[in-house]
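With chain A held as given, fit chain B with the ligands onto it using these hints.
One-letter residues, chain by chain:
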Amino acid sequence: MFRIRFHGRGGQGMKTASRILGTAFFIEGYEVQDAPRYGAERRGAPIFAYVRADKVAVNERGIISHPDLVVVSDDTLVGMPAAGVMQGIDQNTVLLINSHETADTWQQRLNTQAKIIILPAQEEIEDRAELPYIGSQCAAAAAALSHVISKQTFTQALTEELQHLGDEVVKQNLAVASTAFDAMAPHSGIVKESALPSATDYIKPEWIELPFEKAEISAPAIHSGATSVKVRTGLWRTMRPVINYEKCSGCWWICSTYCPDGAINVTDDKLPDIDYDHCKGCLVCVAQCPPHAIESIPEHIAKEKELAGAKS
Amino acid sequence: MTRKLLTGNGAAAWGARLALTDYIPAFPITPQTEIIEDLSIWIDKGEMDARMVTLESEHSMITAAGSAASSGVRVFTATSSQGLLHGMEMVYTVAGWRTPFVMINVSRGMSSPITLESDHNDIMAARDSGFLQIHCATCQEITDSVLMAYRLAEHKEIRVPAIVNLDGFYLSFTREPVDLPDAEKAAAFVGEFDPENLQFKGSAPLSQAMAVLGGGPYSYFRYEAHLAVQHALSVYDEIADEFADTFGRRYDIIDNYQMDDAEYVFVMLGSFATKAHNAVDSLRKAGWKVGLARLRIFRPFPKEKIRQLLKGRRAVAVIDQNISMGMGGVLHSEFATALYGMKDAPAVLASFIGGLGGRDISQQEFFEMINEIKQASDKGESLEPRLLYTENELTEIRKLQAIAHAEHEEIHQQRDG
Ligand code: SF4
Ligand code: SF4
Numbered sequence: 001m002f003r004i005r006f007h008g009r010g011g012q013g014m015k016t017a018s019r020i021l022g023t024a025f026f027i028e029g030y031e032v033q034d035a036p037r038y039g040a041e042r043r044g045a046p047i048f049a050y051v052r053a054d055k056v057a058v059n060e061r062g063i064i065s066h067p068d069l070v071v072v073s074d075d076t077l078v079g080m081p082a083a084g085v086m087q088g089i090d091q092n093t094v095l096l097i098n099s100h101e102t103a104d105t106w107q108q109r110l111n112t113q114a115k116i117i118i119l120p121a122q123e124e125i126e127d128r129a130e131l132p133y134i135g136s137q138c139a140a141a142a143a144a145l146s147h148v149i150s151k152q153t154f155t156q157a158l159t160e161e162l163q164h165l166g167d168e169v170v171k172q173n174l175a176v177a178s179t180a181f182d183a184m185a186p187h188s189g190i191v192k193e194s195a196l197p198s199a200t201d202y203i204k205p206e207w208i209e210l211p212f213e214k215a216e217i218s219a220p221a222i223h224s225g226a227t228s229v230k231v232r233t234g235l236w237r238t239m240r241p242v243i244n245y246e247k248c249s250g251c252w253w254i255c256s257t258y259c260p261d262g263a264i265n266v267t268d269d270k271l272p273d274i275d276y277d278h279c280k281g282c283l284v285c286v287a288q289c290p291p292h293a294i295e296s297i298p299e300h301i302a303k304e305k306e307l308a309g310a311k312s
Numbered sequence: 313m314t315r316k317l318l319t320g321n322g323a324a325a326w327g328a329r330l331a332l333t334d335y336i337p338a339f340p341i342t343p344q345t346e347i348i349e350d351l352s353i354w355i356d357k358g359e360m361d362a363r364m365v366t367l368e369s370e371h372s373m374i375t376a377a378g379s380a381a382s383s384g385v386r387v388f389t390a391t392s393s394q395g396l397l398h399g400m401e402m403v404y405t406v407a408g409w410r411t412p413f414v415m416i417n418v419s420r421g422m423s424s425p426i427t428l429e430s431d432h433n434d435i436m437a438a439r440d441s442g443f444l445q446i447h448c449a450t451c452q453e454i455t456d457s458v459l460m461a462y463r464l465a466e467h468k469e470i471r472v473p474a475i476v477n478l479d480g481f482y483l484s485f486t487r488e489p490v491d492l493p494d495a496e497k498a499a500a501f502v503g504e505f506d507p508e509n510l511q512f513k514g515s516a517p518l519s520q521a522m523a524v525l526g527g528g529p530y531s532y533f534r535y536e537a538h539l540a541v542q543h544a545l546s547v548y549d550e551i552a553d554e555f556a557d558t559f560g561r562r563y564d565i566i567d568n569y570q571m572d573d574a575e576y577v578f579v580m581l582g583s584f585a586t587k588a589h590n591a592v593d594s595l596r597k598a599g600w601k602v603g604l605a606r607l608r609i610f611r612p613f614p615k616e617k618i619r620q621l622l623k624g625r626r627a628v629a630v631i632d633q634n635i636s637m638g639m640g641g642v643l644h645s646e647f648a649t650a651l652y653g654m655k656d657a658p659a660v661l662a663s664f665i666g667g668l669g670g671r672d673i674s675q676q677e678f679f680e681m682i683n684e685i686k687q688a689s690d691k692g693e694s695l696e697p698r699l700l701y702t703e704n705e706l707t708e709i710r711k712l713q714a715i716a717h718a719e720h721e722e723i724h725q726q727r728d729g
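Chains as they are written, first to last, in our numbering: chain A, 1 to 312; chain B, 313 to 729.
Next comes chain B alone, as it looks inside the complex:
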């Protein structure tokens, strides 16, 4: 095992290399492009035995990924943000084909207005597609999760594609120490791709039925796909155990920190959780019983585990780095659904929306979230959803608006006068 400094993108590329990926359909988009650059260099130098094809769009790229996977090769691909949504028709379609492959999504906020920086609205848009979703908090976790994602996706009983998600900038361009799994051990862990009944072969024509179906059969296939995604929860632990035995690192469905006696809990996804980790340490030093529950597996949604974990806690702060227009934080609604009607559910389930478009969340903000949920729980009140947004930030916007407004007036005067 070698420990070296890798960016999140580098770690993702290593995952694909160690999983002995055969085929990589690719299309560039910031902040993901480094992944395919690394892979293409390795292929060019003969360090990796794979075929890379650059497609003309993400729509074609995802089609190629699904098609190649049905022909019995191990497929890896990567995208981000606008690219993921451009390919969204095929995201749903290939998941419906029940073909296993792994796709990286480097999270980046959606247009408009445009941003290059990270939030989770892109990956949330793929929430209902039938892809599994693993969310990473560190570069180490990215390499490891790609390996585990192949095991889950290719599991005989499941056979659906998987997305491994990492945050743009905060992980994609950030180097951290990564223990690179030994190549032979990684190959043995992932195993040969056994496509079973998936296989198309040259000179052996077959057809895969994708007919237009009426509601009855359609419902059957859709619901079966849902059950397959859910089934990933029951096979996950076995895979995680094997991974821990082989590589000495354990990844649970929910990554818990200081949860044993925690009364107040942060719930979140992705790399900002390491910031929350620091906040938990500081708050514990100050005498607060605080814990952190980071959802690693977001699809399937581990509803039962969440219920067990949060039973009897006083208050929960759900931090969403996404926003469902007209509703609010997606994670918050899903937690509310999971906890509804449970005896001893936390009385306060507060929604904080923050980190949109790469906006940072400061340590002071983490402290204050806990302070707010504690006060609400002491008073027996609930909390309104809050956007993490400061007076200073609004002042900045007001300045920009003043400029825009002045120019607006100027133009009108010119036109009218």
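For reference, chain A alone in the conformation it holds in the complex:
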């Protein structure tokens, strides 16, 4: 059975990627299962989707704990534990990362036994949640790596899954997907199907008896103030609002009033101050500021600048 996991951000089309790949396997005569996994997340938050494909009925269900292939559409997710990209990866796993960096760099950085392949990132995109066509590219690359899906089948699958968006969208997606498919040709067949766990020789689950614990300990309550401060929702941000204080007229802090997350404080000298630990990057403030004193810049560029600043 092929077990393939896609990791991306909400808005990057990972569900679509899993569907295109699922449909492609299905057309090639495979039994298929594909599914997205999302909770209370939103655009920009880490999500994942998965595909299982086999020549016999797929009875396995739920999250893939030991993937044969992991595809990452956004390399900023790799180092984020909450995204779970590295979960269950071992020497038999192929890790395909959409990145500007080389496979060697990632191999060293991650210190992993997994085989790393790079899907070269396109020219820089402003908003990462809007990486155009990335879902189709990821699906195409995965299809090529599996070696059992022809380009013709892939084209048919992509067309079926994106048809509802119109011919032009299909055409554009096909063009970039085709390049990604061809780019993977040297690695075609590197992803190998893995078997079911065997009952002859298995690792026993480390079951424990759950002890009774008094209510003070076992009730699901945190008796503490300001817990929302500790949850750094700023991680979801793909675009960063930046105040140009030269333009800020210090109106009556419209930005702060409109911010749906209460992430703009007003300092003692009556200036607005954005709390980047909690700003989700909705850019409502950018739209509302009367003198247009707030700009938006891509988060990854802001981060790079910060890093460069810290080094110098």
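Treat the hints loosely; a few may be bogus.
Straight-line distance between alpha carbons at most 30 Å, and here's what the computed BS3-like set of lysine-lysine pairs gives [as the list claims (entries may be wrong)]:
#1 A/K204 <-> B/K468
#2 B/K316 <-> A/K192
#3 A/K204 <-> B/K691
#4 B/K597 <-> A/K55
#5 B/K316 <-> A/K151
#6 A/K192 <-> B/K597
#7 A/K270 <-> A/K305
#8 B/K597 <-> A/K204
#9 B/K601 <-> A/K55
#10 A/K204 <-> B/K316
#11 B/K711 <-> A/K230
#12 B/K615 <-> B/K601
#13 A/K171 <-> A/K151
#14 A/K214 <-> B/K711
#15 B/K357 <-> A/K171
#16 A/K204 <-> B/K711
#17 A/K55 <-> B/K316
#18 A/K247 <-> A/K171
#19 B/K711 <-> A/K171
#20 B/K655 <-> B/K617
#21 B/K691 <-> B/K623
Rather than coming from a laboratory, the hints here were simulated on the basis of the structure.
Below, chain B with the ligands without anything else, positioned relative to chain A:
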């Protein structure tokens, strides 16, 4: 017949479409909402001739479903978890009206703490209501079960509503190949809704008696409803035969896998059974005589069939994806009731509680359950109920508790200091 990839929610919507549903009262809740989205799109495009009304709550939605069914139209609706419980007053009430319709429940664990993921505590709460309950393990089974559920619910002698249950995420958002029944054949199989004496009509005022009753008449009606639900067992096989003849797929009351010579048996409900199916294959390869009995029809409870099936087996592992606080697994108690006093009943009837709030059950855990019941049966001992829970999971909780505790202390110090 077309074979295509559909999510469990998509398969449920197709069931409603193929059954030529007339009326769909709706209210959104995760992970069910896609069902009503699909239906509304079809209605909007004119592909489906039905009326959808969005209500202000599940309580009203279920009231509307029962009322519409009494007026002689075929009704479909869907809910999940908190929504089902919010409508629970009316779940009991409309079942008491003896009105036939089909409701999907997409299983999701109950609050608190809150979860979006699947377990069976929501559907267990409707256990005693008078709704029939069909539990599905695959997307294919969902479409097929909706069709069969209408036949059962609308059966002249029975006439009660039915719930078709599917697991959130594991089925609701998961695409699998589904053979879509041919529309004409499906329509012929389900048949015209013949409401008989149910019918209310515009300009022909009637009243349906729902008076406040004393214990004697009240008992009569309640017990009759119970007998009607039980009667569904005797008409089920006929419907299943007809379905198999028409569509080539057979669904029994209990879905048995490798049961002929099985000494050790998994008993469970829902989509995790396909995982158990894999485990049975692996265990058989390793030389174990293992089988799987998945209850498809949970209400009515097929007590006699269970007795026949489990007679002479060595040990049974009942897996409950639910928990009755202060008692344990619901399925386990019901199996114990069914088997009590039977000669040659399995000596070990073990209770495993797992899969709460979408928690996965690994293949290794399935293997180990069989290992544990075999050891107990070899030693002639019984087994204490077990929660499938690992040391790692407790460590995770301990970390969270440490954080919560530290903050707790901090707050107190601030307050006191
Ligand atoms: S809305 Fe614009 S001008 Fe007003 S305080 Fe905010 S940044 Fe300054
Ligand atoms: S981008 Fe949105 S969340 Fe961030 S400060 Fe502006 S309004 Fe608030």
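Hint by hint, here is what the structure shows:
no., hint, in the structure
1, A/K204 <-> B/K468, "violated (52 Å)"
2, B/K316 <-> A/K192, "holds (26 Å)"
3, A/K204 <-> B/K691, "holds (20 Å)"
4, B/K597 <-> A/K55, "holds (19 Å)"
5, B/K316 <-> A/K151, "holds (21 Å)"
6, A/K192 <-> B/K597, "holds (23 Å)"
7, A/K270 <-> A/K305, "holds (27 Å)"
8, B/K597 <-> A/K204, "holds (18 Å)"
9, B/K601 <-> A/K55, "holds (26 Å)"
10, A/K204 <-> B/K316, "violated (38 Å)"
11, B/K711 <-> A/K230, "holds (15 Å)"
12, B/K615 <-> B/K601, "holds (24 Å)"
13, A/K171 <-> A/K151, "holds (15 Å)"
14, A/K214 <-> B/K711, "holds (17 Å)"
15, B/K357 <-> A/K171, "holds (26 Å)"
16, A/K204 <-> B/K711, "holds (24 Å)"
17, A/K55 <-> B/K316, "holds (16 Å)"
18, A/K247 <-> A/K171, "violated (43 Å)"
19, B/K711 <-> A/K171, "violated (50 Å)"
20, B/K655 <-> B/K617, "holds (15 Å)"
21, B/K691 <-> B/K623, "holds (20 Å)"
This entry does not satisfy hints 1, 10, 18, 19, going by the numbered hints stated previously.
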